[in-house]
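K.L.:
With the hints as a guide, bring both chains together as one complex.
Spelled out from the first residue to the last, the chains are:
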Amino acid sequence: MNKILEVRGMSKIYGPGCPLCIESTGPEADTNLCPHCGSVVAIHDVSFDLFEGEILGVMGESGSGKSTVVKSLYFDQAPSGGEAIFYDRDKQYALFSLNAAQQRWLRNHRFGMVYQNPHLGLNFNISAGGNIAERLLMSDLMDYGAIRERAKTLLARTEVLLARIDDLPKHFSGGMQQRVQIAKALATQPPLLFLDEVTTGLDLSVQARILDLILEIQQELKTAMVVVTHDLGVIRLLTGRAIVMKYGRVIEAGLTDQILEDPQHAYTQRLVASAL
Amino acid sequence: MTPPILQVEAYGKHFWLHEQNKLIPSSHNVSFSVSAGSLTALVGPTGVGKSSVLKGIYRTYLPSAGRILYRDAQGHVLDLVRASEHQILELRRREIGFVTQFLHCLPRQSTLDVVARPLLSLGVSRDEARQRAAEWLSAMNLPERLWSVSPATFSGGERQRVNLARGFIIKPRLLLLDEPTASLDPATAERVIGLIEGLKAEGTAMLAVFHHPEITRRLADQVVELAPLPAVEEALKDFA
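Sequence order for the protein chains is A and B. First residue of the first sequence? That's 0 in numbering that gives the first Met the number 0, and the numbers climb one at a time after it. First residue of the second sequence? That's 0 in numbering that gives the first Met the number 0, and the numbers climb one at a time after it.
In isolation and in its complexed conformation, chain B is listed as follows (with noise of 0.2 angstroms):
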């Protein structure tokens, strides 16, 4: 068997609020892996730190302990939580993935530019990338006649949309997703939950967070069950 492409060992992230002088535990001692062309899913209930899990894989968090192992594609093995910049920032642009409910880009850059960026940064001529990126705005179902716009005027489920494309785009080795068909109608909805499994058949290792167990059930490979947070002080031996 392959060894997995990412191997997560007793995460923790806390906050420390200095104004408030107050500590907010975030995640405590998460262990998991993720092999390619398998989906992993979080679950647990609300504030048990399943999207800090996320956040601290794609180094938007700083993680407070524990230790992240990721295998590149020359194999080599890097913790995420000790890497430098520059190697979160080159992972980010060729390997990671990572789809939020959020999206901000340019006021004025159309939603086929924001789809084709991570291509071009990759070096793909600017006419295949709005090729390729018109390809996943129509499998993703987003009309054709918003292309052309700025997503900055665009509802919940258009911009989710636009995150998707712009996360699949690349094809990542490791992509992560968080609730990605929360503001999706049923029948978008069944067409990402179809482009998912796609993505996974191609290899791409997915960690997921999704907002309806059903989709967990019929998606995920591994469930990861995140256990409630201890207490403060238990979070405080964390840094002892």
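Extracted from the complex, chain A is given alone in its bound form (with noise of 0.2 angstroms):
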């Protein structure tokens, strides 16, 4: 087993920042702000490994700065310290240290992410087809029937009806457009996949449809996924590592069956406690 992806003392702070911002925030201090210059600590030295085909869970509440992470390795927002290697075949990158068109390729080419919120991961004013033709065109793919077609695959394979290929996704269902947004992240079919939090709001039996697709990927294109959610259910049906994050820090690592059934932090205990 190869790894992927290789995180090391990420942080990112909103605000001045001072001295004194790390001690005086995190699980001990019991908040993420800090008491000195007003600023956020979203996360702090948060590391962790991504085997390639595996699947990772990123548990915590609101606030915890699990969509930082992601986001951050996504991207969407420059972290404030630590590196990120990715490994691509015979290729490594230290993701913080690439320019803006280096980012912006690996963000088409080679990453798929799928936001809790799909007005993030979609365009609502072109329809549900052209959405998937846009990340294909950036990803060099010009030819118009081919696009189509394999835009028509993907919604087949995420079981939007090909019937509304051209309608807009703001006439989707909430369920319907995570699925749009699932086909677009896939298009490229990127080996790594972002997933921040796809199943919350949704109704259940839509979220077991989604959960259900997200592991027939998976195992189809083994494909490697860092998966944000609150939701232990989700945790442990799709993950087999997960990591527990508290005020912007990662305060436990493990198996996810272990962290279930096993926690070790006061904190973990009340949270699994709490769910089941």
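Simulated from the structure, these hints should not be mistaken for lab results. For clarity, every value in this text was computed on a predicted model and none was experimentally measured. Some hints could be false.
Covered stretches of chain A (chain B as the covering partner; in silico rule of three or more C-beta atoms under 8 angstroms from a C-beta of chain B) [to be verified]:
# : stretch
1 : 20-33
2 : 235-248
3 : 254-264
Take a look, some chain B residues computed to stay more than 10 angstroms from chain A by CB distance [what the hints assert, rightly or not]:
# : residue
4 : E18
5 : V208
6 : L218
All C-beta atoms, glycine included, are put in the ideal place defined by N, C-alpha and C.
P.N.:
Laid out in structure tokens, this is it:
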């Protein structure tokens, strides 16, 4: 098994930052807001490895920094510190040292992202098929017929009715918007996919179908995934390993079944006990 | 004589509950070994830590004390207590199976796919995996009309058979069984016992906890009796 992603000491601070920020925040301080300078320490010293074809869960409550982790890795925002190395076939990229063009290239060709809010992942002013075409164009597929065919295949794969390929996403249900987002993210067959609370807010039967779809895709394409969620059921069904975050810090990491059945940290124990 | 596949040395497990500020002992000073093609049964009263030993070996629990030496297919010995998460995941995928009484699976997946899944992750084709899943399910006497349905709606006994089929399908080198026949009717239990004997004859090493002493007598080549847990103060010495 080969490593595909290595994250070391990643941090993100919103605000001016001061020398006391780190020691005054975190699980012990019970806040992520620095009392001295008012900065928010969204994440600090986050490290983990991801292997090819593996699904890693990032769990924690709102404000724990879990979304910041994937947004930084997907270049939605620049981290304040740390590094991340992406291993792609025989190449490796130090993600945060790349220039904007190189980052955009990786984003368009090698990464995929599915957001909780479909407005972030989809362009609501163009059709479902257009959304997928947009991503294929960015990854240098230019032939109209080929793009149309590929969009159809992807939408069929994610169980979106083909009759609606030319409809605007705003006329879709929440579950369907999520499936179009997944189709768009998968368009370039990326080896690395980030999923940020993709089932949150959907009703249970729709949730089940989306989870099922994600797992099938992982089996078919061997896509490595980082799954961010506060839902322990999703963590249990999808992931083999997980990290637990609180106030921007990783407080526990381990095999998923071990974290759920034998949590070590006081916070994880409370989290698991309140869910089961 | 070939060396044992699994050697558990002074395994101990306790839980530290932060919220209640309490130490819960679970297993204490457990030692035994398991060899290929033989079945070792753990016995003792409820609460003596039988399941805790199985979960410690599978690393669902993080052991608190001792060593768990496992000899893999290549003959390398590694301590499962200290093995990396990826090493454990790889062993679970290829060599170590665990049949519990619980079944976690996706709501929409058919029983056939649930059972076939471990083979898919080993690179077996979908058709062949489903074919072998069907063979195991019929061996377990699970009615064919249930195969295309998700196990979510199954009875305890039906789920148990799905679990057994999924645990047996990769023919693991080491199989952990936690009360595998507990909710089965006598005739089905008989079938399962036959399948366990068959797998054992093919060389699988087994470590089991059985509900009925009768089954232990019939199947076990070795019986390990777990001693009652010492008081909390004793358990505390483990980490001193």
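K.L.:
For which of the previously enumerated hints does the structure constitute a violation, in increasing order of number?
P.N.:
When the structure is compared with the hints, numbers 1 and 4 turn out to be violated.
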